[in-house]
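Each chain, written out:
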Amino acid sequence: MAAGGERDLLRVLTCGSVDDGKSTLIGRLLRDSRRLFDDELASLAAESRLWGTRGGDVDLALLVDGLQAEREQGITIDVAYRYFSTDRRRFIVADTPGHEQYTRNMATGASTADLAVVLVDARKGILAQTRRHAFIASLLGIPHVVLAVNKMDLVDWDRRVFESVAAGFREHAALLSFDRVDAVPVSAITGANVFAAGETMPWYAGPTLTAILEAAEPVRRAAGGPFRMPVQRVSRPDQDFRGYSGLVVSGAVRPGMAVAIVPGGRTATVERIVTYDGDLDEAACGLSVTLVLAEDLDIARGDVLGCAQAPPGETDQFAAHLVWMDEEDLLPERRYLLKCGTRTSTARITSLRHRIDVDTLQQVAARTLSLNDIGFAHVAVDRAIAFDAYAEVRDTGSFILIDRFSNRTVAAGMIAFGLRRATNLQRQAVDVDKARRARQKRQKPCVLWFTGLSGSGKSTAANRVERRLAAMGRHSYLLDGDNLRFGLNKNLGFTDADRVENNRRVAEVAKLLVDAGLIVLVSVISPFRAERQMARELVEDGEFVEVFVDTPLAVCEERDPKGLYRKARAGEIRNFTGIDSVYEVPQNPDIALMAAEHGPDELAEQVIAWLAGRGFLDDDASPGDPT
Amino acid sequence: MPHLSHLARLEAEAIHIMREVAAEFRRPVMLYSVGKDSSVMLHLALKAFWPSRPPFPLLHVDTTWKFPEMYEWRDRKARETGMKLLVHVNEEGVKRGVGPFSHGSAVHTDVMKTEALKQALERGGFDAAFGGARRDEERSRAKERIFSFRTASHQWDPRNQRPELWSLYNTRIGPGESIRVFPLSNWTELDIWRYIAREGIDIVSLYFAAPRPVVERDGMLIMRVDERMALAPGEAPEMRSVRFRTLGCWPLTAAVESSAASVAEIIAEMGRATSSERAGRLIDHDQAGSMESKKRGGYF
Ligand SMILES: Nc1nc2c(ncn2[C@@H]2O[C@H](COP(=O)(O)OP(=O)(O)O)[C@@H](O)[C@H]2O)c(=O)[nH]1
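First to last, the protein sequences are chains G and F. Residue numbers -18 to 608, in the working numbering, belong to the letters of the first sequence in order. Residue numbers 3 to 302, in the working numbering, belong to the letters of the second sequence in order.
Be careful, since some hints might not be right.
As the list claims (entries may be wrong) - Derived DEER-like restraints, expressed as beta-carbon distance ranges:
| # | chain 1 | residue 1 | chain 2 | residue 2 | range |
| --- | --- | --- | --- | --- | --- |
| 1 | G | 151 | F | 29 | 46 to 56 Å |
| 2 | F | 127 | G | 276 | 34 to 44 Å |
| 3 | G | 253 | F | 127 | 28 to 38 Å |
| 4 | F | 240 | G | 27 | 30 to 40 Å |
| 5 | G | 331 | F | 57 | 35 to 45 Å |
As the list claims (entries may be wrong) - Lysine to any residue pairs mimicking SDA-like chemistry, simulated, CA-CA at most 20 Å apart:
| # | chain 1 | residue 1 | chain 2 | residue 2 |
| --- | --- | --- | --- | --- |
| 6 | F | 49 | G | 492 |
| 7 | G | 492 | G | 469 |
| 8 | F | 49 | G | 215 |
| 9 | G | 471 | G | 490 |
| 10 | F | 86 | G | 217 |
| 11 | F | 79 | F | 203 |
| 12 | F | 49 | G | 257 |
| 13 | F | 49 | G | 259 |
| 14 | F | 49 | G | 260 |
| 15 | F | 49 | G | 262 |
| 16 | F | 49 | G | 258 |
| 17 | F | 49 | G | 217 |
| 18 | F | 86 | F | 55 |
| 19 | F | 49 | F | 195 |
| 20 | F | 49 | G | 261 |
| 21 | F | 49 | G | 273 |
| 22 | F | 145 | G | -1 |
Everything labelled a hint here was simulated from the structure, so no lab data went into it. Fair warning: this is a prediction, and the values are worked out from it, not measured in the lab. Just so it is clear, CB atoms sit at the ideal spot from N, CA and C, and this is done for glycine as well.
Chain G extracted, bound-state conformation (with noise of 0.2 Å):
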């Protein structure tokens, strides 16, 4: 161990099915790390007699399953957290069990974690259940995974094996959120490329488990992030004195800032940073702090302090993903109590959207949540609160949801974007309305809102469907995916974040346009049905047409408009929809354009005799005044 130094701290997830070696792993990490004194190796090798499963030879699984309720059945059956520290780092190690309470464990262990391993038994390769750690590990928004392929002694620590393995993860982990996807074989009871690479796998040439271990990046989008404090206390230890105390849970704070205070909305300047050292000139993300404000104002636990260049949102709708926690399902417009950051709301679920099938990662109809179950949802609070993206800021995204008669956490929820904004913004009357608008231009507004793949034909489709209508003396704007990322759009990528704001964007501008009495054409390739959704109900019933230009991949990757295709292949772009990003296939379209074998001029005529067909193109379609 270093000597004096204070190192840095990674978390680390560990998953795996049952036997596939973890709790042995972990001893052999916590043995190989010298942190076990002659004691803990003398009763160790006592309860390997009595316990053990290795014909009277030490145990080191034995080092880690704990509970007596445990040893007696022989499973782990919760979170246990380990820790043991190199040269170069701390670590802990939040160790989950892989048997059927894993997805409510797991995701409690990679709600804190920097970096997930999975493990798999090199004989069996990947299971269902490699899939779907893998999948909850990318939900909760881990960066960094690492496939530890384990009893490489057992398949004569065969290459072949360890890559065909590794290949296959791979391939999974793609359609994933991970940054960095590594492999390592390993083998638990020989201690082979855990901590010293060791002679059996001379053909491996990377780096051992603890190596990456030592090497990976912590989570630190935080640091670079926004400034965020949500409020604990306020510190009022005599009538001079008013501090504001809290954990910097993102970016960082100095004296003279401004910082927006949510909800409400209000700003004030940062004076000074607190603390029992004496005050500080910053206070970065991590650090628990007190702050004293310019302005006197009246501000309590629960609310958040950001910075006010880019607040968090606030809001009293929202769209999340949620993990199912407990034995009792969900009860959509049940009041729960929601606690996100320090406060804590009542809240309904007011819409299920669907539920996750963790093996498939499909998208499937639910009515309802069961223990382990993971969907996405509308979540109403009573009152707006401050809020990010999940993918923004974990923790003033992240919420759980306690059930207000049993006291128990019920679920574990992640916000996906605000559904509409509550603050105290007034909305401004105009004499000037829709109806009149339209009625001016003797149409019937509508959004015909385009989806489908790069290169299915959405542009061509809609912009032949533009011309129609024009000639048809009818007014319409074409909003085009491709055209706004130059403008309205440029500061955004391809991350799923940046995809869902890139949807909201879109949809509400063409909610201006609908309002302004327009016939709405929008091109984007929308991957996502839950933000298809969200356009459709910002417009009123029966506003939203959506035409999903249904082209298989393989003809749009053939016919590659634009190259990105081959891109994408090459691994030059990442995130592309349909190779390393899903699309979610509309359920239930308002029109489907077969675009592989009819011709534009016919995708246009079908849009249009839809259109006729329900009356959007008559002549006096527009709306009645009653003035």
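Go by the hints and put chain F with the ligand onto chain G.
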């Protein structure tokens, strides 16, 4: 941006936990056992609420078998910090003359410590109690939550604990129920020592090596504090340079031979240590898993 050191992260986490408790519970209390972990916890509490004073009292559960230095230290620290100090003794136990020599370590611990603690928490009406336990101390603690839920009868049920995600703690309890809170959950023994060194925290002199009168029994070095410990024929205390790695009731806490007289020397010695901290605790040896049985019964 430089990475925060692990001690800075552990400190910030502990402070966050203490503030959550102060904000969400009606009547918290901090268990203070005078040991190194308690000393670190008290120091963190002073930091957490500065410039206010921690909004809860300290509670010492006195088994009447602590080292004299510990009593002195306890009273001095309470004076220096201005914290309110509550001391509780199980008077029934005293009346029945319960002690480790007459009744054995198990009964003594149960009556004078576990029972006494329940009495003190009930009488004080405390709904949250901070303890200095660490997960790395003992295997059954590895699954202990930071907020550990106890029923109205102080029972701990390992199967009925709440999942803890992110830094969100479910602090809701029903009438009579309580929560034990462990802000040092993620600290190891070495972290404690490094933090003591870094912060210059004062700890009771028993942790530092000095010549002390000890008796060797069953391979354990016991410091004979007073005549309540009868000497067997031929047994005589001898002066040896010893220190304690952990402090409890003196007949139940074994000393280790050592020459480490400063925190730096203790840290250096730990790098070479071959036995665990709990090896010096006589109550843990009864059987593997014994800590778990005690915890189910309400032991901290
Ligand atoms: N041959 C061999 N056996 C292993 C290895 N790792 C674990 N095992 C054995 O596999 C069984 C299950 O291991 P355990 O660590 O309890 O698995 P867990 O359920 O994932 O915690 C035990 O009998 C281990 O001794 C390994 O690398 N090689």
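Item to check | Structure-inconsistent hints, enumerated in ascending order | outcome: Hint 6 is the one this structure does not satisfy, whereas the remaining hints hold.
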